[in-house]
Amino acid sequence: MVAEAQGATLGQLRVWIDSFHTLVAEQKAYLTELDSAIGDADHGINMSRGMNAVAAKLDVSSPSTIGELFKTVGMTLVSTVGGASGPLYGTFFLRIGTSAGDVEELDGSGLGTALQAALDGVLARGKAQVGDKTMIDALTSAVEAFRGAVQGGSSIADAASQAQDAAERGRDSTTPLTARKGRASYLGERSIGHLDPGAVSTALLFTALAKALA
Amino acid sequence: MVAEAQGATLGQLRVWIDSFHTLVAEQKAYLTELDSAIGDADHGINMSRGMNAVAAKLDVSSPSTIGELFKTVGMTLVSTVGGASGPLYGTFFLRIGTSAGDVEELDGSGLGTALQAALDGVLARGKAQVGDKTMIDALTSAVEAFRGAVQGGSSIADAASQAQDAAERGRDSTTPLTARKGRASYLGERSIGHLDPGAVSTALLFTALAKALA
Amino acid sequence: MKKLINSPDDVVADALVGIAAAHPQLRVDHEHRIVYRGDTPRQNKVGLVSGGGSGHEPLHGGFVGAGMLDAACAGEVFTSPTPDQMQEATKVVDGGAGVLHIIKNYTGDVMNFEMAAEMAAEESGVTVETVVTNDDVAVQDSLYTAGRRGVGITVFVEKIAGAAAEQGMDLATVAALARRVNESGRSMGVALTSCTVPAAGKPTFELPEDEMEIGVGIHGEPGRHRVPLASASEIAQQLVEPILADLDFTGDTIVMLNGMGGSPLLELYLMYGEVKNLLDRAGVTVARSLVGNYITSLEMAGCSVTLLRADDELLTLWDAPVNTPGLRWGV
Amino acid sequence: MKKLINSPDDVVADALVGIAAAHPQLRVDHEHRIVYRGDTPRQNKVGLVSGGGSGHEPLHGGFVGAGMLDAACAGEVFTSPTPDQMQEATKVVDGGAGVLHIIKNYTGDVMNFEMAAEMAAEESGVTVETVVTNDDVAVQDSLYTAGRRGVGITVFVEKIAGAAAEQGMDLATVAALARRVNESGRSMGVALTSCTVPAAGKPTFELPEDEMEIGVGIHGEPGRHRVPLASASEIAQQLVEPILADLDFTGDTIVMLNGMGGSPLLELYLMYGEVKNLLDRAGVTVARSLVGNYITSLEMAGCSVTLLRADDELLTLWDAPVNTPGLRWGV
Ligand SMILES: Nc1ncnc2c1ncn2[C@@H]1O[C@H](COP(=O)(O)OP(=O)(O)O)[C@@H](O)[C@H]1O
Ligand SMILES: Nc1ncnc2c1ncn2[C@@H]1O[C@H](COP(=O)(O)OP(=O)(O)O)[C@@H](O)[C@H]1O
Ligand SMILES: [Mg+2]
Ligand SMILES: [Mg+2]
Ligand SMILES: [Mg+2]
Ligand SMILES: [Mg+2]
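Residue numbers (my numbering), protein chains in the order written: chain V, 1 to 214; chain E, 1001 to 1214; chain R, 2001 to 2331; chain F, 3001 to 3331.
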């Protein structure tokens, strides 16, 4: 099982998407509830509309490369979600797809590079920084943890599990922050004390990844 | 005090109006409540707007004859109430004024004639009959009782007191009826079991008369 | 009660101040609470006067202007205006060709306009004709009721009679047209929530969270039945069916999907889609349509459907230019 | 939740069916959820594309037509449309003179339109200019926020840029005008009640019976402060003062008193009277006005005030003919 331990296969990455879909469906109401506190009460609705569309799309088209898989996921999200999360999550997956290219497997460092490209894309698209109380807070810490773990010699499964932990820490770090991007920024200091909904869905994304690569 | 016992003076009839004003003000919420059950929840509001305007009007103009008094009351109601009760109560008082003419006192038979003219006016205006569940039910029975008592030799005070009783009987008779005129008629059989608001305000009118002539 | 008002007693007077400020082309008589066309009276044009209780805006003040009303008398909220208001308006708008009174069939409105017509004939010699609209199929029309209520068709009567008057038709012709429009139209409404009369301070009726009132009146009068809240397509059926059962609408029609005041335009369009679908299936040809808030019931959520059988004459008058705050085209 | 809908998921699609049925002069692409002017593309006319979340009707679909927008992209309720919708609209309306995107400043709208512009330039070579409206003075405009929200001024931008495009001005000129309108306008709103997003099924926020939200956003975003319910004249002050404090409006202005969707027109006129009174006292000259529901927030009760500094050029473009479901004159 050496091959599996070293890389992430197309099948595993497909499982990543499927289990993110499942988690989003399960947490739809919770994500919307979080967004109702400091946003406009639709983050769960948006993400689940998008991931349902992704699942439907993947059911009919069976991408044969990792690049194709993530471009399909990204394009579907871009064209069905709208709102802030559509372009952000869409860009995230599109960039993974571009970075991965026409391969059927990615090793830890390749996946790390792809995740970094994805993070850079989201940063460019949303112009948020760490500490602005957005999904960037969870995403940055997850991507850093993943790449650090791979560089330090961890298996891809371990790296994913560390990325999950880091995403959850990044998620939790948003609670005391004042929002400076997105709708929550209208609240100013009144956004303090609430979790950022996008950071919570991002943590789910890395829970799903850890599961898929475990 | 023979003169007072025999006729109704301008002063007493002015008291009639004043105490009707007071009763309407006191019962404003109740009349509106009744109207909310089978109408449009404004009978008390309408009557009190009108009687407030009458009081204000009488404060500045001091009618010197009975004809003038009631024409002022009638015109003021017509021009401030609107709705069904405006033309009906307005016509009622206008007709009393026309029937009474330029006098300062009316004997029982004169007042009876005036009340009959008023009733006829209201019947012509609203085209309702006894039993249609309207103010006509209270008004008809009050006017009949008043004229019957005067013809039977009662004093004007006694006649007014009998008219009050009759008005209250007429009022109460509306409860089991199905409305056939006015807004309540839209309810059909669902109007059964409710007092007619206009019949209730008409009973107050005769309570006020009995008081004024007592 | 959550309202943008100063005091319940001043609502109508204060709103008239706003109407005057917003529409310099209109003239407002604040004492008599009348909204006039700025250029009334027009010589030899039949004058059109309507009016009724306030709370149904844009009806009637919003339909004053070229091609529609000459004057609208504003009563208290949901209470007909008084005869002296209507008499004043009648005198002012008469340009020698007489005046048409357009009245919705409610006991109060009818009696007040009747007194006004008597007074106008007596005092100023103005010839007055009257049309009483009564298009609400929710109410049984019989000797045992005050008759059907006047609702949505009133908008059509004001538009079409207004166009006829603008084109110089005489009083008898304008009045006959107005009556023909009324007789050729039917309406039915639904309430999802109650309205609140400012002076009353609380909702006119209670409607549980899962129920609606089919056949509601524009003053919150009860309708035909209170039933469980249903989907837009079922509601459309419950509105359209009684209308089609009451009058034959095969042939050209003008259709209005009217909002009661508190339902978003998004929902009104959605309802219109459902209504149009039913009409198509029933062989009703929609020649013209209106979707929006035209005859409202304060902040009531809900809508009504009005259908008018329209021949070429009515369609031409419908299409004629109109320039009012509430309805404008061709100018 | 009491709504005239079939299912929360179908609200936008179903409403587009109604819009198509009600306005035969428009063309609706149901797949992409785009409302088009029937005669688009027009050769050598700058194309105007707007769009945003649904629930603000008549904005934007109701402003499609001659003299205003060429296309409006409808997102889910309160959710910006997607780039492929906007890209499709951009391709379709381009008549060779380029396309102006009119966007309200919300993170989602801005990012989605940005992606659309990138895609349009890449794939079809259409030149796109963008104006982002941000007139809501309730929000602090600083590096620490997403910037001011785009609200009422969007209606003015669409009208004035639409007139400029109709008159044949080129893309740079139309875009510059649109930006000038945005920079010359300010808005402020108030909510008396919340709205309810169909998919959420319950009110977006809780507002006690005796409180109101001053500075609310059109998606129910919180405002500057939650204060006790006050009279119309006090509310007018709380809306007008922050606007006048933010920009100098002495000179000619165009004023809009906009309803949030659930407040009766009677109250909107009343509020306009109060606003006009304050403006008169502040030396602001109202050259033109609009009172009614133009940019709404579903069934929210409340209103907003928008002021635009208007010179002769802007007034002339404002007065130019427009023929859309939501705004029509001169034609
Ligand atoms: N500029 C931005 N950069 C990164 N993430 C952002 C930005 N703006 C918003 N977000 C994220 O998007 C989330 C909200 O998504 P969602 O509710 O679906 O969209 P919308 O705000 O349009 O309703 C926020 O919780 C935040 O994490
Ligand atoms: N045609 C009629 N004839 C006599 N009385 C009538 C008639 N129609 C209505 N009424 C009376 O008017 C009362 C309602 O008055 P009010 O509520 O003030 O007017 P509205 O019905 O216009 O709101 C009814 O209770 C009834 O007694
Ligand atoms: Mg959101
Ligand atoms: Mg009543
Ligand atoms: Mg009434
Ligand atoms: Mg959103």
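The set of hints was computed from the structure by calculation and includes no laboratory data. Treat the hints with care, since some could be wrong.
[To be verified] Derived DSS-like pairs: lysine-lysine, alpha-carbon spacing no greater than 27 angstroms straight-line:
| # | chain 1 | residue 1 | chain 2 | residue 2 |
| --- | --- | --- | --- | --- |
| 1 | R | Lys2002 | F | Lys3202 |
| 2 | E | Lys1028 | E | Lys1071 |
| 3 | E | Lys1071 | E | Lys1057 |
| 4 | E | Lys1028 | E | Lys1057 |
| 5 | F | Lys3002 | V | Lys57 |
| 6 | V | Lys71 | V | Lys211 |
| 7 | F | Lys3091 | R | Lys2002 |
| 8 | V | Lys71 | V | Lys127 |
| 9 | V | Lys71 | V | Lys57 |
| 10 | F | Lys3091 | R | Lys2202 |
| 11 | R | Lys2002 | F | Lys3002 |
| 12 | F | Lys3002 | V | Lys28 |
| 13 | E | Lys1071 | R | Lys2091 |
| 14 | E | Lys1028 | E | Lys1211 |
Worksheet item: Which hints from the list above does the structure break, by number from lowest to highest?
Response: Structure breaks hints 5, 7 and 10.
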